[in-house]
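Residues per chain, in single letters:
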Amino acid sequence: MNFPDNLKYTKDHEWIRVDENIGTIGITDYAQKELGDIVFVELPKAGDHVTAKESFGTVESVKAVSEIYSPVDGEVVAANPKVQASPELLNADPHGDAWLIRVRLADRSDIEGLMTAEDYEAYISQEKAH
Amino acid sequence: MENRIRHARTHITRNEDLIFERTSPGKSGVELPPLDVPSVPADQLLGSDFHRDEVEGFPEVSELEVIRHFTRLSTWNYGVDTGLYPLGSCTMKYNPRVNEVVARLDGLATDHPYAPEALAQGCLRVLHETARCLAEITGMDAVSLQPAAGAQGELTGILMIRACLAERGNPRKYILIPDSAHGTNPASATISGYEVRNIKSNAQGCVDLAELDRALTEDVAGLMLTNPNTLGIFEAKIAEICELVHSRGGLVYMDGANMNALVGVARPADFGVDVMHLNLHKTFTTPHGGGGPGSGPVAVKRFLEPYLPLPVVEKTADGTYRLDSSRPKSIGRVRAFCGNFGMAVRALAYILANGYEGLRQTTEDAVLNANYVMTRLKDLYDLPYDQPCMHECVFSDRRQAARGVRTMDIAKRLIDYGFHPYTTAFPLIVSGALMIEPTESAGKTELDEFIEAMRAIAEEIEEDPQFVLKAPYSTRVSRLDEATAARKPILRWKP
Amino acid sequence: MRYLPNSPAERAAMLEATGHRSIEELFNQIPDNLKLRGPLNLPGPLSEPEILEFFRQAASQSSRDYVSLLGAGAYTHYRPVAVDALISRGEFFTAYTPYQAELAQGTLQAMFEFQTLITQLTGMEVSNASLYDGSTATTEAVLMALRITGREKVVVARTLHPEYREVLATYVRHQNVEVAEIPCAPSGQADLSKLEAALTRETAAVVIQSPNFFGALEPIRQVAELAHQQGALLIVSIAEPLSLGIIQPPRDADIVCGEAQSFGVPVAFGGPYVGFLACREKLVRQMPGRLVGQTSDSAARRGFVLTLATREQHIRREKATSNICTNQSLCALAATIYLCLLGKKGLKALAEQNLAKAHYAAEQLRAVPGVATPFSAPFFNEFVVKVPGEAEGLLAALRDEKIIGGLNLARFYPELKNHLLVCVTETVSRAAIDRMREVYRRIQTQSNSSGSAAEIPSASVARN
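Chains as they are written, first to last, in this note's numbering: chain A, 1 to 130; chain B, 1 to 495; chain C, 1 to 464.
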């Protein structure tokens, strides 16, 4: 499994990468593996507002639906049209091409409480032990 | 072994086209009697805005082609008539043929729902007698046959709870539902305008009284409970549970999906349940039909009777039957006309065939069969709640999962042994559940064959898990690509 | 007990294997005080001939020897014998919902064909695999429109089946939804000016039936324009889909739903029937009910599966699009077989026969002095008659002639006193229509001579 160092992670298995005040958000490699074949992604539109720890969309596999929670507060500046057209991208490249939304952060300090790649990897191995 | 038989790809009965692809213009499977009134110019009568010349793409085939087409399709199905169908929580039992005959009698199948009551006494009597029998079986005071299926029965019952509490002054906000419940429970509660609060099961798979006690705030309208629950375990504390809910001003709804474990042995009314539904297509042998029609009668205690959905069948003082549609406190109509009448006919035929003794023997056999399967498989399959079960038993795929084989894979391999799979991955509180409900319709010989098959699969998984992962091998199609079906849905034929 | 396969010896052997000493012990988890004491008061056990006798007796107390002119959402059509022959195959009727696709390709392919037939009939792009009945399908269509638009108001034509309106009211009562009713115009159609006035930017959907409850065809294109101007969806409900064999489908609608009982399903005192719901492709993820999709297996053979299941209750639970679990698979199968038998030619010919019979009957009745067909809109196989004298008296006189003369509309529309809804399908003979006309004539003559049937003022149909 892949845990890129340049990303921050949530307990709900989302990642965020921040450049200036724009955050790019997606789901983790672990999350896509757990879900299996992803068949549908529902995302907000540009201009919509997202709130930290609240759901902003869903990812569906054949037999499961998973809410996606925003790591931060902010305004959506883009939703990834590629992943909406080809949800299978999420299985192939969850940390890259298959990002979900870009958000203009309301408060950069939101990301301070998030996990590093190392923390997240430890968190996953703990989860799996259960 | 793979190449010993070469599959004939053109095998006609296994490669039946869609009916649209068998079409050739000018054919029809019916001929109408000559018209005995003057024909009318449809285009003029209706005008060009309304008149349609033909339905494009519609099939054009002869009667024989229709017969062959659907006969061939039918052979790709597996039914209770084919063999053991141990689908947990679905109660796939024998559907007696006489039920089908009586439901099709002229006078029962042909009466119009708006026929004058004087000319519909036979149909009304069947409805009334079925309701009376179901009231007797559940111990409840009144029964409505209106709901079209179990899920609509749930909705009806929760709407009645709401109407009753509203009249007492406050409909309240929440319905409590154990985490082991069927998915229809929370969905039905939501449509009734309630928010759902899930309550966790205890280590025995039952409702945790302390947890229930904490969850029962004054905002809670009621509890929806399946008993026996979806683990096949009887909620032994059901009387205490009902008392506790009542003491906080709430009502208890029982999902009667698992009544096949109780008929003739115990009655939900005696537990303290206020309202419940039955599934005629589970407990009372009306056929599942490949996914319906069902029927979900609702049974209530006396104090809820004023809220029953419309219309209500009544027996008048002179012994005739009528439909009462003027009940001011009723929750209203949940479905047009008189419910799934044809299902009531079949259920009544089943009750008549059995009588009390037959129904009780049926329940005993259903429970004995489930315990027999459980006993004979628990050395090879993990049994998370190891205790005697009622009408179904639930294993986990824990041991097989260690070899990379999950419940669905075992189910698919079971097909190759000639059995319909059990229910997979439900209830959700058991990881990788194998939910087995043999029903009373399986004899010992067949159960032994099933048990041997399950044991053989467990061995196969030890020896060659990869082999099991690709099953089934014996069906017309192998595993189907569900991901592509969902990503790029093709939901109709196009020329 | 003839349905149970175990012998006493087999039961004993199985019990021994479980380690229990008695059957009673198996029920030990049920506390003693909750166990049933004594037998239930139930009839039976009965042998097969006794069961047949019981139901034959019930069936004799029926209207089976009568000619019926009742429609109103349940239509008597001839059912080709092949329908029952095929749906009686155990592989079809004793199977469960096709969750295990490899063992259910028969049901799945037939449902895929059903979906296709419904889209062809309705002019929509996708159809589900059926719902309970027309009333709940119409209600589910409204719930779907509420989800799609996020609005909370619905405008419903009073010409929609009264029981469909009642079911809708039951379902939305606790959802903060406002339902407005549009009265009927003198033509027998929904009043479009009232409709226009009732529509706002808050309207989620307009619900209209065509042919409507009075049998009249509604001007769907105009209704669609009015609805769409306000961003509302148009839901067209169809209770007599045989009409689609000869009448343009509501292509301008967003959702087309209704009742397919006409297609090979007996009237059976109201059920089981088979609801359908079809819509535009872009709305498919908000659809309720089962959907069958085409896919392929590992050897690239065509096969079918239940798909887009994440909309449904067993996965999404309280967030599902509907609480529906079953469809009406076997009735949908009957409809599929029926439509395949009729085919393109047969469907059209049958629809033409219904049209001709109903128009012949309307003409015959209209020719009786004092009888009127008050609505001017085009109709298919059902129409409204204003009768001479009291409707109940006429219906009783018709019953003496073994005719059930239609539905007394006063039951649902107090403003339509002494109006009957008359349905004439291909099963009603010309002789029966003529006999009915003679009863009308006799009643008219009698009421004239007694002087009691002075011209009844035409009831105002428009009522809000």
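Note that these hints are calculated values from the structure, not bench results. For clarity, every value in this text was computed on a predicted model and none was experimentally measured. Keep in mind that a hint or two might mislead.
[Said to hold, decoys possible] Cut-off 30 Å, straight-line C-alpha distance, at most; resulting in silico cross-link-like pairs (DSBU-like, lysine-lysine):
1. A:82 - A:53
2. C:319 - B:378
3. A:53 - C:35
4. B:378 - B:200
5. C:153 - B:301
6. A:33 - B:488
7. B:488 - C:35
Checked hints:
1. A:82 - A:53: Holds, because 25 Å separates the two Cα atoms, which is no more than 30 Å.
2. C:319 - B:378: Distance of about 36 Å is beyond 30 Å: violated.
3. A:53 - C:35: Measuring from Cα to Cα gives roughly 50 Å; hence the hint is violated.
4. B:378 - B:200: Answer holds: residue 378 of chain B to residue 200 of chain B is near 25 Å, not above 30 Å.
5. C:153 - B:301: It is violated: about 36 Å lies between the C-alpha atoms, which goes past 30 Å.
6. A:33 - B:488: holds, 21 Å
7. B:488 - C:35: The hint is violated at about 53 Å.
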